[in-house]
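So the protein sequences, as listed, match chains A and U.
Mind the numbering: the first sequence is residues 4 to 380 in the numbering used here, read in order.
Mind the numbering: the second sequence is residues 4 to 380 in the numbering used here, read in order.
Treat the hints with care, since some could be wrong.
Straight line, CA to CA, 30 Å or less: simulated DSS-like cross-link-like pairs of lysine-lysine [to be verified]:
id : chain 1 : residue 1 : chain 2 : residue 2
1  : A       : Lys333    : U       : Lys333
2  : U       : Lys134    : A       : Lys333
3  : A       : Lys177    : A       : Lys134
4  : U       : Lys333    : A       : Lys134
These aren't lab readings, by the way, just hints derived from the structure by calculation.
These figures come from a predicted structure and were not determined experimentally.
There are 2 protein chains.
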Amino acid sequence: MNTMDFRFNLVATDDYARAGLLQTPHGEIPTPIFMPVGTQATVKAASPRDLHDLGARIILANTYHLYLRPGDERIARLGGLHHFMGWDGPILTDSGGYQVFSLSQRREIDADGVTFRSHIDGSEHRFTPEKVIAIQQNLGADIIVCLDECAVPDDYEYNVEALARTHTWAKRCKAAKTRGDQALFGIVQGGVFPDLREQSAHFLTEVGFDGYAIGGLSVGETKEEMHGMLEVLDPLLPADQPRYLMGVGTPADLVECVARGVDMFDCVLPTRMARNDSALTRDPGPDPSRPGRINLRNARFADDPAPLEPGCTCYACAHFSRAYVRHLVKANEILGHHLLTLHNLHLMLTIAREIREAILEGRFQAYRETFWRRADE
Amino acid sequence: MNTMDFRFNLVATDDYARAGLLQTPHGEIPTPIFMPVGTQATVKAASPRDLHDLGARIILANTYHLYLRPGDERIARLGGLHHFMGWDGPILTDSGGYQVFSLSQRREIDADGVTFRSHIDGSEHRFTPEKVIAIQQNLGADIIVCLDECAVPDDYEYNVEALARTHTWAKRCKAAKTRGDQALFGIVQGGVFPDLREQSAHFLTEVGFDGYAIGGLSVGETKEEMHGMLEVLDPLLPADQPRYLMGVGTPADLVECVARGVDMFDCVLPTRMARNDSALTRDPGPDPSRPGRINLRNARFADDPAPLEPGCTCYACAHFSRAYVRHLVKANEILGHHLLTLHNLHLMLTIAREIREAILEGRFQAYRETFWRRADE
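Produce the entire structure from the sequences given, and follow the hints as far as they go.
Structure follows, in structure tokens:
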């Protein structure tokens, strides 16, 4: 690979859990890591200053959105995505594939790529592997990924077809990449089918990438199915390279997927929950498929002087009551979403940090047990 | 007065311009000062941390809004407004009068007070002088004001009637006040009529208050009329007490009203402009009745790498381009309004600081001339 500034060192392991250090041109990332999502070149309701204060070490931006608005060529002219959005830490961009399949209108897939209409203005566009790499090179993120096709998880025939395209596109993406200061991740697909996941891991590691994203999970399958796929992949993916589970997840997902060999996570959950007036909590809750949360619109918080989550050290919890945040969300004040966003991101970033410390100190299983014990209280 | 923690010292004068220090239970306020408006117990799109970073020394909150939601008694139970909103600096609350006259539905005024319907849910409420003081005592701001009636500025007969009520209510407000840690300001009314303004100043200074608010201006009259009223009032208001011009104004208003003896200002302009996608600029513009501004929705900023206002040192201008802020407002991202809010508040607070320094150094007239010279460039 011609990615001189990119290095991954596995620092410690604890059973399948891994603690690493990922070197990028914009700084070092301790793993396991949670990446806040900055879809449109901003993590919703948080400034880069806030993200630094929260201890965010890398953020994700969406290729599909930025290509459509304000345009990747414009961002390149304005000095690249880091400069454009005022974030000097590492950035990962996704391929746009997932958004094309979930957001855009009238998409048509062929062997060469996908034609789709913008969800903003209905205009027609086409993504090919080469195009998606060109866009991501214009954006200039530290880590970029291959164009992939995210199939519904439980349709075997569709997954076979989609996987063939994803693999061909992965080779073309690698060939198209010219910038030496960006790492390229392949994306393992294959739905909930162990043989397809195995085949995908073999193919992509054969081609050879700087790291491996795991796509097509957390899209409707059960937690058991998701965990099963991670267990299939753990021995097949190179131990000395980072693994990134796309679009996952909750605090409990971080714990359980690190326990199955994952290093990197991203999810809109903390920022989206904030926009839905909810604070994430550590309590994994009675249903392990749903994160612990409280909804601040609830009348029971109207006179509650407690912070969003007792014991939390974030700016929101250190200075404001549930009663105040409830007032803000009822009054449609931006500060409400801002404070909930800070709290929710702080929780995800803190749990990732705690997990890493536990792995480094060889007590990850104890941490995991303590985490789940809350659910029984 | 039983307001032991409240003191005003006139530090320097320069013609009619005044530099002072206002001592309150929550800290010292250098005057002239601009007070950001936190209508619903939050300055829109800014956190208390942001306000401290910007150098805000006092903020305003609206009695009418907080009485309706979340309720002044609730705020009192939760420890008062400072604690509730996490702002440990000084706060001024208005009387609610202006909002009743401008926002509420079906208001009916009588000699004893005003009955109105909430703009939120149509419920019926009544403000009397005693009620408005009780609400403001529950909120616990450092500076509170009397209930007044804000008449249309150019109707003499109505102003005569309204002024009689305003004066009676002012006496009742002073008599109703029991807390010793709050300063009470009277509100001078009288529209654009010198004789009524004179009469109001005489009456209120006779009753005696900790400071004097000037109401009923910037509500439709011309700048010349507003300036004329300030010139009438300057020699009539006690030199050793603060004067607060309510709801004013633009950067140019700060310069021109300080030049006519005003110490304190508040206005929703900077935060409202931000919500309308506009950045305030120092340029007073060709029309002195309108502030300089740029609207970031304008296509000409799409590729503009310059900051909102070249030379500005605020967080937004130090880190982001007009092109980025335009992208944010086009994409409906909260960060756009946040950055515009920071810039706009920074400009107003900076101009107030510059004015004070100029007065202290005896060069206010030169500062004023330089300020206006921009308009001719």
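Against the structure, the hints come out as follows:
Between Lys333 of chain A and Lys333 of chain U, the direct Cα distance comes to roughly 25 Å. Compliance with the 30 Å bound is thereby established for this hinted pair. Proposed proximity of Lys134 of chain U and Lys333 of chain A is supported: the alpha carbons are some 25 Å apart, at most 30 Å. Of the pairs offered as hints, the one joining Lys177 of chain A and Lys134 of chain A holds, with about 12 Å between alpha carbons and a cut-off of 30 Å not exceeded. Restraint check for Lys333 of chain U and Lys134 of chain A: the C-alpha separation of about 25 Å stays at or below 30 Å, so the hint holds.
Taken one by one, the earlier hints all hold for this structure without exception.
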